[in-house]
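**Q** Residue numbers (full-length UniProt numbering), protein chains in the order written: chain A, 1 to 135; chain B, 1 to 135; chain C, 1 to 135; chain D, 1 to 135; chain E, 1 to 135; chain F, 1 to 135.
To be clear, the hints were calculated from the coordinates, so they are not data collected in a lab. If you're wondering where the values come from, they're calculated on a predicted model, not measured in any experiment.
Where chains are identical, the list cannot tell them apart; a pair therefore holds if satisfied intra-copy or between any two copies.
Heads up, simulated DMTMM-like pairs for lysine to aspartate or glutamate below, C-alpha to C-alpha not over 20 Å straight-line:
| id | residue 1 | residue 2 |
| --- | --- | --- |
| 1 | Lys97 | Asp129 |
| 2 | Lys97 | Asp66 |
| 3 | Lys31 | Asp129 |
There are 6 protein chains.
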Amino acid sequence: MSGKALVEPVEYEAAGAEVRAVYDDIMATRKTDWINNFWKVLAHDPVLLKRTWESVREVMAPGALDPLTKELIYIAVSATNGCEYCTYSHTASARAKGMSDAQFMELMAVVGMANETNRLANGLRPPVDPQFEPR
Amino acid sequence: MSGKALVEPVEYEAAGAEVRAVYDDIMATRKTDWINNFWKVLAHDPVLLKRTWESVREVMAPGALDPLTKELIYIAVSATNGCEYCTYSHTASARAKGMSDAQFMELMAVVGMANETNRLANGLRPPVDPQFEPR
Amino acid sequence: MSGKALVEPVEYEAAGAEVRAVYDDIMATRKTDWINNFWKVLAHDPVLLKRTWESVREVMAPGALDPLTKELIYIAVSATNGCEYCTYSHTASARAKGMSDAQFMELMAVVGMANETNRLANGLRPPVDPQFEPR
Amino acid sequence: MSGKALVEPVEYEAAGAEVRAVYDDIMATRKTDWINNFWKVLAHDPVLLKRTWESVREVMAPGALDPLTKELIYIAVSATNGCEYCTYSHTASARAKGMSDAQFMELMAVVGMANETNRLANGLRPPVDPQFEPR
Amino acid sequence: MSGKALVEPVEYEAAGAEVRAVYDDIMATRKTDWINNFWKVLAHDPVLLKRTWESVREVMAPGALDPLTKELIYIAVSATNGCEYCTYSHTASARAKGMSDAQFMELMAVVGMANETNRLANGLRPPVDPQFEPR
Amino acid sequence: MSGKALVEPVEYEAAGAEVRAVYDDIMATRKTDWINNFWKVLAHDPVLLKRTWESVREVMAPGALDPLTKELIYIAVSATNGCEYCTYSHTASARAKGMSDAQFMELMAVVGMANETNRLANGLRPPVDPQFEPR
Chain A
1 MSGKALVEPV
11 EYEAAGAEVR
21 AVYDDIMATR
31 KTDWINNFWK
41 VLAHDPVLLK
51 RTWESVREVM
61 APGALDPLTK
71 ELIYIAVSAT
81 NGCEYCTYSH
91 TASARAKGMS
101 DAQFMELMAV
111 VGMANETNRL
121 ANGLRPPVDP
131 QFEPR
Chain B
1 MSGKALVEPV
11 EYEAAGAEVR
21 AVYDDIMATR
31 KTDWINNFWK
41 VLAHDPVLLK
51 RTWESVREVM
61 APGALDPLTK
71 ELIYIAVSAT
81 NGCEYCTYSH
91 TASARAKGMS
101 DAQFMELMAV
111 VGMANETNRL
121 ANGLRPPVDP
131 QFEPR
Chain C
1 MSGKALVEPV
11 EYEAAGAEVR
21 AVYDDIMATR
31 KTDWINNFWK
41 VLAHDPVLLK
51 RTWESVREVM
61 APGALDPLTK
71 ELIYIAVSAT
81 NGCEYCTYSH
91 TASARAKGMS
101 DAQFMELMAV
111 VGMANETNRL
121 ANGLRPPVDP
131 QFEPR
Chain D
1 MSGKALVEPV
11 EYEAAGAEVR
21 AVYDDIMATR
31 KTDWINNFWK
41 VLAHDPVLLK
51 RTWESVREVM
61 APGALDPLTK
71 ELIYIAVSAT
81 NGCEYCTYSH
91 TASARAKGMS
101 DAQFMELMAV
111 VGMANETNRL
121 ANGLRPPVDP
131 QFEPR
Chain E
1 MSGKALVEPV
11 EYEAAGAEVR
21 AVYDDIMATR
31 KTDWINNFWK
41 VLAHDPVLLK
51 RTWESVREVM
61 APGALDPLTK
71 ELIYIAVSAT
81 NGCEYCTYSH
91 TASARAKGMS
101 DAQFMELMAV
111 VGMANETNRL
121 ANGLRPPVDP
131 QFEPR
Chain F
1 MSGKALVEPV
11 EYEAAGAEVR
21 AVYDDIMATR
31 KTDWINNFWK
41 VLAHDPVLLK
51 RTWESVREVM
61 APGALDPLTK
71 ELIYIAVSAT
81 NGCEYCTYSH
91 TASARAKGMS
101 DAQFMELMAV
111 VGMANETNRL
121 ANGLRPPVDP
131 QFEPR
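Just chain A, same shape as in the assembly:
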């Protein structure tokens, strides 16, 4: 157990102009006054930071799916992959967007069940039914 990031987080005060511009956009978009550690470690590569933030901002914006549904999907993937940081950060985001305890527990139930039946299918290898074929 370490608890230390593999690169030193870049604080706002120590950041260059390129990184600060991304940090400013993160805080403006999220209406917060702080930057979480995920972005601070990405900041070691300003191009990676900028691309990742702009992609996340675009992907998580309202569209055919609403922002809370998108957070639920993010949590589902993070729990499946066992990403600790992502589980804490996206659960916090989902709660901030109104996720109730009941929704969170149902989400977990679906994630658990999907992981179970995925392995039953991967272990028993039923052929894909013709009825499921895309048109």
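We have chain A; now place chains B, C, D, E and F onto it with these hints.
**A** Okay, now just chains B, C, D, E and F, sitting in the frame of chain A:
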């Protein structure tokens, strides 16, 4: 590449009473007249078949989350795990529940992004921010 | 690193009748006088708690495979998925059921080797030999 | 879907002395007269072939765990990882070592359940109970 | 086994201006005259197509790591995740960039070994040595 | 969160001759005077310790790929699998072999992108293009 299941699918005609009862409930619940291969291979163990079906039925029923959102979450997990059968079957289910092309593509975008940032976090190991701690 | 669960564990004293009934059954089945944290967090959704416990109890009961073999399989999956909580809890369970150090280390050796050859196969993609086809 | 290996399988007749020696040992150990495709693709790197075979032979030999239990563990890992080739080959091996249909289905039930509870734990993050700490 | 994509691939002739612009850039960057199926399915969401292509182009460009090393890393991840399409496409790309058979087999050897020791560590849980802590 | 290994690390002083011989070879090969915890937990099974060490030594030796490239691949797999111990230990090894911050961040960018496109392919299932088929 095989394409054959690891146990012979159990057809309705060849099934015992216990299995038929589950098959009947699947068709009644889904308002369909056929059973997909996933359940036919589980039927080699009627207890496993019954428990898995009853769990899926309970988990996927409307609740704090609506059935389409639950299907989207199922697809997200299945794509993350690379389960081919599950991807085809749950995408078909989601389309039957009204998933549009635009929703499907946005779902994929979120799943892709979550898998990317999960690994950036797992590789760089930023500490969980105190602000993300559950109360 | 957080160390706090994403929902508050539900203690026996604070639990409702439905949850207490499950807790009582867990302690009776396991002949212990305490409930581990996994069940306490599931208890936020009494239906999820009850279904998961009853499924685990049914799956892990003696059958065509003995209980220790089942625990070894549980550890194999948990180590493959990198689930920390599960690794600690099921290793403790397996030891309580008599797993020796030698058995544990051999289990790890098989798990390691399977994870290695799984990726050699997934990277080199040999076709499934006709001799391995199920009859 | 391709179905072709990413390197051409090396047939016995075309193999050099180093590879043939491994192939001979595989057939002698397994009391068979053919080599499966997994080894034939590894044979492009005779050092990798030899090390992998010798490791597998050592790991899968009878020890504190019996050979059938080891095959069950191999299948559990392969189904969890979704390795198609490995699922077919190790299920065939387990059947050759006497695995019954009932044992196979119970194995799948445990694998499914472990994958489910792994994600419930990874998503809800209960702290490891002190009682589970190794002595 | 299906073999059909879950959305119909978008051919150049049927594509709108936004998609054609990306297709043109892919072909110009790669000096080829065809588009592979991965991009054709992404094209159902022109924004996703454009973002993903521009990210891949940026990430895979020469930098502190050379393009062949980047392809090797891509294959390592794809084999670890068991992504069939990605394994075929990135192995083809790596060969086009000069990957030899010997390099490919060594890559597989490292991927296999890493997957093995990852699970030995995840199953046995050695604490991170202070010497490995980042400064 | 535990932080304790599931078997007690075996210190040099307490080790038998077989284990000491491996420890000596590790230190001689790496030109260090200490043994990291990974090997100390494997030492509970001297055969597993010896085989794993000899395999790692062989696989990571200079060959068609140079040692730093091999460490990058090891990190890519470890981040994909979410193995905390492995991420810290192999990042430290890569830095000792000269990995720069810029190389590390580009590695992370490729790992992230590969994990993203792996899931886009696994979710949308484009068929493998004939042009990617191995000759």
